[in-house]
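Asks: So you can see what is in the structure, the chains are spelled out below.
2 protein chains.
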Amino acid sequence: MAAWGERLAGVRGVLLDISGVLYDSGEGGGKQIPGSVEAVARLKRSGLKVRFCTNESQKSRKHLVGELRHLGFDISESEVTAPPPAACRILKERGLRPHLLVHDEVRSEFDQINTSNPNCVVIADAGENFSYQNVNKAFQVLMELESPVLMSLGMGRYYKVTSGLMLDVGSYTKALEYACGIEAEVVGKPSPEFFKSALREMGVEAPQAVMIGDDIVGDVGGAQRCGMRALQVRTGKFRPSDEHHPEVKADGHVDNLAEAVDLLLQHADK
Amino acid sequence: MAAWGERLAGVRGVLLDISGVLYDSGEGGGKQIPGSVEAVARLKRSGLKVRFCTNESQKSRKHLVGELRHLGFDISESEVTAPPPAACRILKERGLRPHLLVHDEVRSEFDQINTSNPNCVVIADAGENFSYQNVNKAFQVLMELESPVLMSLGMGRYYKVTSGLMLDVGSYTKALEYACGIEAEVVGKPSPEFFKSALREMGVEAPQAVMIGDDIVGDVGGAQRCGMRALQVRTGKFRPSDEHHPEVKADGHVDNLAEAVDLLLQHADK
Chain S
1 MAAWGERLAG
11 VRGVLLDISG
21 VLYDSGEGGG
31 KQIPGSVEAV
41 ARLKRSGLKV
51 RFCTNESQKS
61 RKHLVGELRH
71 LGFDISESEV
81 TAPPPAACRI
91 LKERGLRPHL
101 LVHDEVRSEF
111 DQINTSNPNC
121 VVIADAGENF
131 SYQNVNKAFQ
141 VLMELESPVL
151 MSLGMGRYYK
161 VTSGLMLDVG
171 SYTKALEYAC
181 GIEAEVVGKP
191 SPEFFKSALR
201 EMGVEAPQAV
211 MIGDDIVGDV
221 GGAQRCGMRA
231 LQVRTGKFRP
241 SDEHHPEVKA
251 DGHVDNLAEA
261 VDLLLQHADK
Chain L
1001 MAAWGERLAG
1011 VRGVLLDISG
1021 VLYDSGEGGG
1031 KQIPGSVEAV
1041 ARLKRSGLKV
1051 RFCTNESQKS
1061 RKHLVGELRH
1071 LGFDISESEV
1081 TAPPPAACRI
1091 LKERGLRPHL
1101 LVHDEVRSEF
1111 DQINTSNPNC
1121 VVIADAGENF
1131 SYQNVNKAFQ
1141 VLMELESPVL
1151 MSLGMGRYYK
1161 VTSGLMLDVG
1171 SYTKALEYAC
1181 GIEAEVVGKP
1191 SPEFFKSALR
1201 EMGVEAPQAV
1211 MIGDDIVGDV
1221 GGAQRCGMRA
1231 LQVRTGKFRP
1241 SDEHHPEVKA
1251 DGHVDNLAEA
1261 VDLLLQHADK
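As you go down the protein sequences, you meet chains S and L in turn. All residue numbers for the first sequence refer to this note's numbering, where the first residue is 1 and numbers rise by one. All residue numbers for the second sequence refer to this note's numbering, where the first residue is 1001 and numbers rise by one.
Incorrect hints may appear among the rest.
[As the list claims (entries may be wrong)] Cβ pair distances, simulated, as ranges:
#1 R89/S with S1163/L: 50 to 60 Å
#2 R89/S with H1245/L: 35 to 45 Å
#3 H63/S with L1145/L: 50 to 60 Å
#4 I90/S with E1027/L: 34 to 44 Å
#5 G1066/L with Q32/S: 56 to 66 Å
#6 G95/S with H1245/L: 23 to 33 Å
[Unchecked claim] Calculated lysine to aspartate or glutamate pairs in the EDC-like style (CA-CA distance at most 16 Å, straight line):
#7 K49/S with D24/S
#8 K1137/L with E128/S
#9 K49/S with E205/S
#10 K49/S with E79/S
#11 K62/S with E79/S
#12 K1160/L with D1024/L
#13 K1049/L with E1079/L
#14 K160/S with E1144/L
#15 K137/S with E1128/L
#16 K1160/L with E144/S
#17 K1049/L with E1144/L
#18 K1062/L with D1111/L
[Stated by the list, open to error] Incomplete in silico selection of chain S near chain L, CB under 8 Å:
#19 G127
#20 E128
#21 S131
#22 Y132
#23 V135
#24 F139
#25 R157
#26 Y158
#27 V161
#28 L167
#29 G170
#30 K174
#31 Y178
By construction, these hints were calculated from the structure, which means they are not laboratory data. Every residue gets a Cβ at the ideal spot worked out from N, C-alpha and C, and that includes glycine.
All chains should be modelled from the sequences, with the hints used to inform the complete structure.
Replies: If you want it as structure tokens, here you go:
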């Protein structure tokens, strides 16, 4: 593989995944991934543009940012690209009234949306709210619609919390797709529209941007399909087999965000 | 389409789906589909071979047969081909120790199987047991295995009870397949092995047999792929769009089992 200097040449902007890169979430707020607080601070001081690009759909952005600030991260709500606000824009544009299969905590993000007499389903990482009864209710709503619309906030397979691996929204979306014989519209990574909106908000073109994430398919593959470069960290949901993934080849692997930032500060935009 | 006489010529054996054909299950035992008790009795008197072929995996065969006898059906356990006994045979043959994601009621079917230190997951129609916690536990078991084996008792998308449509095992199997990046082994319809074992038990070759079911894909498509003929009833989970299914074309549609039996008695094996 080419030297890092070549692989990172011309990088002007960095998109950072949050869960599994900055911290591992879990009971009582989660834990910093060692070195990440300092790494974010160094990156911001470097003059490179930085934006956080997450599929987090179990917490409101306010809650998420509060948790991260509590852990010591320099981050504000306006720096975060997350699925719920993007979904709200689309729902309004298309006059869609969602039945929400979401975590209680994220329901407030949809306060401005009419949810009466639903004509679509929005599914997010609902955690414990993915009870049989709740998933079945969403299924029944879809089956009653003539042209069922299922909007999925991300397509993550699973994520890691301090206590272990947890099923993510994408797995439940697959269940509903199969049950109803439909295909979901994805709002979040790896949807190209979602990466593009994060790039727009950062003010950097795809070829000058690098994504840093722990998900080989959602983060690395998704970003590369948009023309960005992408590094995978060996933290969070990373598994050794990801380094030999049959379809996606990262532009590089690093042990953690701290190592990625070391390399970026040495080689980016030189 | 050809006349019924031609379509049913040479039929010597009949496989009957149970849920949605004989009865609609539901709270307190479900309800006969009008005319079905009498239709089964007439079919048995006719000299045609009859066997029941179900993907029921929420109830033990004993419980299921008890419920049906209570509704007036002439049926015994030995006449029913169902996934749990077939799964037990395979588990024993291959030395597999399952983690069971099943309904409490069907757990007893696995009494003779070693479930300690699991090296595979068996998923059945678990109903309310498909809680987030239970589904996630099965996921975690699979992710800890080097070569994860997921055995799915059927691949039904949904079924109908008196109170409405309910998600079936296949939808949750799809969720686990996606989460783990694996493909399940299906024991039950539409697996050809399952139809073949029902045919063997009935003692009739596929070209002389007809399947009667309410599921256009699992019953009709599955049976046809085995070389059988298949009729779809307009009861149970039948939906009008099934008559124009993009991939599966039934050998005939009938309003209910009673009409199917009328036609069979008139035209079969002539």
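Asks: Which of the listed hints are broken here?
Replies: 1, 3, 7, 17, 27
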